[in-house]
Amino acid sequence: MNDILKITASLTGICVAAALILGGVFAKTDAARKDIERQEKDHTIQNLLGFGHGHTPPADLKVHQVHRYVIDQPDGTKVLGYVLPTKEGTYVLATIDLMGKPQKVVPLQADAAKMLEEGSRTQAVVAALPGSRATYAETFFVANKGSERLAYVLPGVTQGFKTYIQLMVSVDPALTVTGVAVIKSEEDPGLGDEIKKDFFKNQFKGKTKDALKELKVIKEPLPEEYRDALEPDRIKKKNLSGEKVTEIKSKHIKDDIYALTGATISSRALTRGVVETVTKFAYRLAILDKAIKQDNIPVSF
Amino acid sequence: MGRNTTLLWNGLIPENPIFRLALSMCPAVAVTTTVANGFFLGVAVIFVQVMSSATVSIFKKLIHPRIRIPAYVLVIATWVSVIDMVLPVVSLETYKNVELFVKLIVVFAIIISRLELFASKEPFVPSVVDGFGMGVGFTFGLCLTGAIRELLGSGTLLAGTRYVIDLAANPFLVSLGVQPLLVMILPAGGFFVIGFIMATFNWVEYKITGKIPASGGGH
Amino acid sequence: MRTTAVLGLLVLLCAVAVGSAFGAVTTGSASFKGDKGIELTFSVPVDDAWAKKPENLVVYEKPDPDIRISPASIAVAPNRTKVTLTFKDALNTAGEYVVEAKDVSSEGKVVGSTEFLVKKGHFQVLFGLFLGASLIANYVFTKFLGLCIFFGVSQKKDTAVGMGATFTLVMVLSAVFCWALFTYVLTPLHLDFLQIIVFIGTVAIFVQFADTVLRKVNPYLFKKLGVYLVLIVTNCIILAVPLENVLKKHGAAESLIFALGAGLGFALALFLMACVREKLEVCRVPAVFKGLPIAFVVAGLFALAFLGFSGLVIF
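Top line first, the protein sequences correspond to chains A, B and C.
Heads up: the first sequence begins at 957 in my numbering, then just goes up one per residue.
Heads up: the second sequence begins at 1392 in my numbering, then just goes up one per residue.
Heads up: the third sequence begins at 731 in my numbering, then just goes up one per residue.
No false leads were slipped in.
Heads up, simulated DMTMM-like pairs for lysine to aspartate or glutamate below, C-alpha to C-alpha not over 20 Å straight-line:
1) C:Lys832 x A:Asp1053
2) B:Lys1487 x A:Asp991
3) A:Lys1034 x C:Asp833
4) A:Lys997 x B:Glu1484
5) B:Lys1451 x A:Asp959
6) C:Lys818 x A:Glu1232
7) A:Lys1140 x B:Glu1484
8) C:Lys763 x C:Glu826
9) A:Lys1246 x C:Asp796
10) A:Lys990 x C:Asp922
Looking from chain B toward chain A, a few residues come up when the C-beta cut is under 7 Å (computed):
11) Thr1424
12) Ile1458
13) Ser1472
14) Val1473
15) Met1476
16) Val1480
17) Leu1577
Derived by calculation from the structure, the hints in this document are not laboratory data.
C-beta: ideal position from N, C-alpha, C; glycine also.
The task is simple: from the sequences and hints, build the whole structure.
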């Protein structure tokens, strides 16, 4: 009997002590972890915009977020809802029907802190449209230099060799690709995982919106000089001048995407992801810009 | 050599957890595609091993012999949860590569075996030193395997270390400039490399003592 | 009396009319056909002329209702209940598509609109998961978990089979239990950060439970399998599977199938390895390679072979 008591007491003691320690550490690290995750994302966006690794971004660079929702209205129809930041620092929700006709603009009761968390943001959206159901779709970023739009950074997802590949594409205002980043993927190391390498993903740089529509993946070896120009490490090692790099790149700008050896499926998957992300965005941006102009929404970007 | 030095040395080579005791080999194969990953997990193991050894050696009088295994598991699980929450704050990028294995430190046989065989009988200081030695030996094993695999498989060494130690210019980055051996970073490469390192350890021991050590067991 | 009869008849007629209009809505089904086609099955025969008009069938991916995908060709089967849409580009069969059929016309009459949700069948998803856990991403050969036991218990075929069976059983039980604990206890209480402790505790309890029950119920089986039970606690796979279930947000059935696949995959690996090691006993292996080193090299060869399963899709 004494033993049972002792055993129970010591096990309970361990459990309580463990729970206390864990609770304490969790409270300390949770906020820091979320912060780091956010920083990581900012870092990726900065890199895509070309301001990573020693290139300091201009002082008046601002990155704005636009959130897209799919809204089920009470009458059974669907519309798209865009959460847009305004010049005064408030937020509005602009709804656009599926055929691309602007519907209405409603102000949102939320501040910047509420906008960061998906849960509270969705609540604000639903509160602005009583009776509707809102499903969060995606967030894209608009980078501004002063009042002029510098670039867009778009999230995308595509079916890879095993699971989904999450990616981000940056495009300039004319919707020409300026960078591609793979955020999350589970491709085979050494094979499909090479899609993360500069010599593959930099092939997308400079492909225009129209070029993407015709873009194919070809099973040919990547020309050596093109590879040199694609990899910053090689440019440094071979001392290629800026003009030489531009010359090589412009020579190959019309080329299709050279597939990775032994990983054609992953190469096709990423290509498809980039093409679809940009094409869909191009379609939506035209509609959104028209809506912004028509309703005179004072957006901050 | 003092006793503490002997304990440290023991963990590093003569009783290296991976190559000699053949304990906790799962991460040794899985996360060693680069040195950085191996080092990162190694640090986590050192932390858990030292903290658990210290905890058990302080409270060994209070732990009833009948429940020592569940008690040890609880102690280890607590420290693993702590490091699992701290590491992503240190380096999110590398943590993502080894996330599953950080959580799995709970079931690493090396840790519980050191608690059972050493920390539960010895005083505080030797327990901590023994834990540290074992952890360092484990890290050494991971880094060695990682270095061989990275060098042969990707043709680099210490790539990505700027996430662990900030070396923006990466002065240690060694690029061999030859076509790397793909198989080395594929899953199979890990098995090959560890098999060959074990054989090398056996060979060295044979040269020194004239005997081939028996290593047929596994536990 | 007569009014009631007339009323009754009216109600019945209405019910039939409503039923036929909604029949199409509720009983239609759709599935992928290959990776470029969608097959729609209507509950009523539809008109050829109606089906051939592309604007009557609106197709889009579920998250992108504003971006329509137009089919390259539309074919109607002879019995006119099956309509096959073929597209120029491959569809993403892992995603979900919606097909809106507007004003479905049957025998010249409009019978109402309907909406189809096209996605992979539940069985297909589960089978894919099973295949993934057992062969494609075999825990031993591609994720290197459970190596301690794998090298420790693979010297003889019959011990390998015993271990494999016991392990699979405990694996499935504890994975499902862990899933339930996580979904119904830890998540509502916001105690996710306790998952490691809770999961390892659950596994330990199940091993102890299996040990006690087996000892009393079937002493013969216990004598054969009892040794392995204790070893299971040091097998990484048993903790990795519940953790992955949480990480990949699996449901109850998916957790069960995933655990079953992982367990059987481990059993398969163990059996294959035991077959080779029995033969190795009589081989002349260089002295320094005897025992574990050669076993590692053999495992490496197996891992190479298992790489061949990568990307295997049956459905």
